[in-house]
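Q: With these hints in hand, go ahead and build the complete structure from the sequences.
Just so it is clear: in the sequence shown, position 68 is 68 by the numbering used here, and no numbers are missing.
Source of the hints: derived by calculation from the structure; they are not laboratory data. Idealized CB from N, CA, C, for every residue including glycine. Don't take every hint at face value.
Below, a list of computed lysine-lysine pairs in the BS3-like style, where the Cα atoms sit at most 30 Å apart [as the list claims (entries may be wrong)]: (1) K456 x K504; (2) K230 x K214; (3) K456 x K421; (4) K204 x K230.
Label-pair restraints from in silico Cβ distances [claimed, not checked]: (5) W129 x K72: 22 to 28 Å; (6) F192 x Q400: 56 to 62 Å; (7) S227 x P398: 24 to 30 Å; (8) V514 x K376: 15 to 21 Å; (9) E237 x S4: 46 to 52 Å.
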Amino acid sequence: MELSKYIYNLFEMDIEEKIVERTFGVVPITIEKKTYFFVLLNTSWCCIDENDTRKIVLGKFQLDKISEEAIKLRRNIEPSLSICLGHHPLQCLEGNEETTALMELTDSSRIMANAYLCGHTHNRTVVNWNNNVRTLNTFMTGIGQGDAENDRVRAQHTRKRLYAFYVFNIELNSVDIYSYGTNAEGNFKPDFDLYTKNIEENQKKIVFPINMQKTMPYIWLTGGPNSTGKACYLSDELLDRFQEYEIRMSNFRKEMCDLLWRTRVLYFDDGIDESKIKTIIEIWEKEQEKTKEKTKEEQEITVDGILYAHLMLEKSVQGQQLMEELVGLDKGKNSRVFDDFYAYLTQICAILRNNLVDEEKKTLVRFHFRFRLKDKMYSQLCISIPPECKPETMNMQPMQYDDLLKASYDVGHSLIYSVNKSLVHTEPKKRWKNFITAIPSFDGNRYRKNRREHGKGIPFITFGVSVGSSDLNSLLYYMDFHSIERTLADVIEDYLEYFPIDMKAFCEWARENVEYTSDEGGV
Numbered sequence: 001m002e003l004s005k006y007i008y009n010l011f012e013m014d015i016e017e018k019i020v021e022r023t024f025g026v027v028p029i030t031i032e033k034k035t036y037f038f039v040l041l042n043t044s045w046c047c048i049d050e051n052d053t054r055k056i057v058l059g060k061f062q063l064d065k066i067s068e069e070a071i072k073l074r075r076n077i078e079p080s081l082s083i084c085l086g087h088h089p090l091q092c093l094e095g096n097e098e099t100t101a102l103m104e105l106t107d108s109s110r111i112m113a114n115a116y117l118c119g120h121t122h123n124r125t126v127v128n129w130n131n132n133v134r135t136l137n138t139f140m141t142g143i144g145q146g147d148a149e150n151d152r153v154r155a156q157h158t159r160k161r162l163y164a165f166y167v168f169n170i171e172l173n174s175v176d177i178y179s180y181g182t183n184a185e186g187n188f189k190p191d192f193d194l195y196t197k198n199i200e201e202n203q204k205k206i207v208f209p210i211n212m213q214k215t216m217p218y219i220w221l222t223g224g225p226n227s228t229g230k231a232c233y234l235s236d237e238l239l240d241r242f243q244e245y246e247i248r249m250s251n252f253r254k255e256m257c258d259l260l261w262r263t264r265v266l267y268f269d270d271g272i273d274e275s276k277i278k279t280i281i282e283i284w285e286k287e288q289e290k291t292k293e294k295t296k297e298e299q300e301i302t303v304d305g306i307l308y309a310h311l312m313l314e315k316s317v318q319g320q321q322l323m324e325e326l327v328g329l330d331k332g333k334n335s336r337v338f339d340d341f342y343a344y345l346t347q348i349c350a351i352l353r354n355n356l357v358d359e360e361k362k363t364l365v366r367f368h369f370r371f372r373l374k375d376k377m378y379s380q381l382c383i384s385i386p387p388e389c390k391p392e393t394m395n396m397q398p399m400q401y402d403d404l405l406k407a408s409y410d411v412g413h414s415l416i417y418s419v420n421k422s423l424v425h426t427e428p429k430k431r432w433k434n435f436i437t438a439i440p441s442f443d444g445n446r447y448r449k450n451r452r453e454h455g456k457g458i459p460f461i462t463f464g465v466s467v468g469s470s471d472l473n474s475l476l477y478y479m480d481f482h483s484i485e486r487t488l489a490d491v492i493e494d495y496l497e498y499f500p501i502d503m504k505a506f507c508e509w510a511r512e513n514v515e516y517t518s519d520e521g522g523v
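A: Given below as C-alpha cells:
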C-alpha cells in the first residue's frame, strides 16, 4: 500500500480517490471518455519463497469477489479494455488454481480480461490463452534479469537486464510489444533476440491481437453448392503476393480503360458506315416529321453529333438508342461490332496475363473465354498464350455445361478446382495442375430458350485460368478472393454501355466465325 501511495504521489495524482484498502478487486478508470477496467489479483498472499512455483494459490474467495465486482460494473458500462495485474505468471499457480483462474478470466460473462500483466520471472515470453470465445494475452513487465529456465533464448543471453512495454491499439485490435535488453555497456537496446521475422526487426516490435476471435488470419476460398469451401491461412509470402496482384490488377483496369477509349475512337473514325447512318436518319425523319421539319443535312449532323458525343464525351440515352439501331442493322451478320467485341475479350485475356503473371512463368498460365456453342455445350472463344507456345497444346475441346461451370454460375462466384474436386468428373490434362472458373456477372450474360422460361438460365460466356505449377496457386487464390467475376463484369459492361450487343446474337456470330476445337480434337 505504501508503494501504491509513492507511485500516485510521483505522478501527482489524488491519493484519496485512487488508493483502495485492499489488494484485489476491479478498478475502473475513465480517460478521454473511454473506461478501462484494471483487475487486481493478489498472487502473493500465500507466497513463501523463490521455490514456490506451482504452489501459489489465488483462492476461491478472491476470484468470486473479483467476478462479482466485474459483473456489477458491467451493468452500467462496458469497458474498452480489461487489463489484469498480478505479480506471478499464471503458470506459477497450483494446477487446479491455474485452470480455475483461466476459466474466470476468459469467461464471456464474468471477468472477461483482455490481457494479464505480471513479473516475477522477468523473461520475455508472450503467452496467448485462447478459446472459441475469449483471448487472454499474458505479458511480462518490470525491469529485471531474465530467468534462464523460463526463457526460450539461450542461457548466455539471460544475464542482460530486460523489460518490455505494450501499446494497445484498441480500434485496430492489436498490441504492439516493444522488448528491450541491456548490451555489454549496460545500455538498453531493442532486444532482437526475441524477434523471429524480418518485419519484426525492421519495426522493432512484435504484434499480437487483443481479441483473436475478431481476427481473420485466413481467407475463404469459395465452395460450390452445398459446400463450405476451404480456409487458406495467410502468410507473409501470400500477403506480399496479394499486395502485388492488387497493384497489377489496378494496372489491368487502367489498360482496359485505355483500350476502350481507343476502340471508341477507331469505331467512330472508320467504323460507322455512311449508308447505315442514312438508314437511321430515315427512321428518325419519320419520327420527327410530326414535330419539326429539318433538312436532311441538318438531320445528318444531328445524328453524327449525337453518336460522337456518346462515344467520345459522355454516354447518353439518345446515343445508346442510336447505337442500338446501328448495331441492329447488322444483327446476325458479320458485324464490325462483333469483331471488335471478340477482340476486346481477347485483349482482356492478354492484358490479364501480361499484368498478373511474371515473365518467366507465362508459359505455365492460360487465360481463356468460352462461349455457348449449342444447347449446353461450350467451346473455346479466345485464349491468351505466349508466342513461344504452340496453340495445339493450349487449345481446349468443347465441354458440357457441368462441373465447375454450372456450380460457379449457381453460387455466383468463381470456383477453384483444387478446392472443389468433388464437383469435377473430368480431370484436367496433365499439363494443368489447377484452374479457376468464373462466370462474368453482367446482366446480359444469361441465356434462356424463351422469355417464358423461368429460373436462372445458363451463361452465354464463361472465363477461366489454368496454371501448370502449384507455385501459381496464389494467383487463383487471389482471383477467388478478389471476386474476379465482378471485375470481368465491370470491364465488359463498360464496353456494352457504348456498344450495345445482344449476347445471343454474338454467340451465333461466334459459331460461324470463330475456329473452335471439335470433339475429335481437330480445329
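Q: Each hint needs a verdict: does it hold in this structure or not?
A: Against the structure, the hints:
1. K456 x K504: 15 Å, holds
2. K230 x K214: Roughly 19 Å separates the two Cα atoms, so the pair holds.
3. K456 x K421: 24 Å, holds
4. K204 x K230: 34 Å, violated
5. W129 x K72: 22 to 28 Å: Check passed, 25 Å falls within 22 to 28 Å.
6. F192 x Q400: 56 to 62 Å: Holds, since F192 and Q400 (Cβ atoms, about 59 Å apart) stay within the stated range.
7. S227 x P398: 24 to 30 Å: 26 Å, holds
8. V514 x K376: 15 to 21 Å: 18 Å, holds
9. E237 x S4: 46 to 52 Å: Because 49 Å falls inside the window, the suggested range holds.
Violated hint: 4 only; the structure is consistent with all others.
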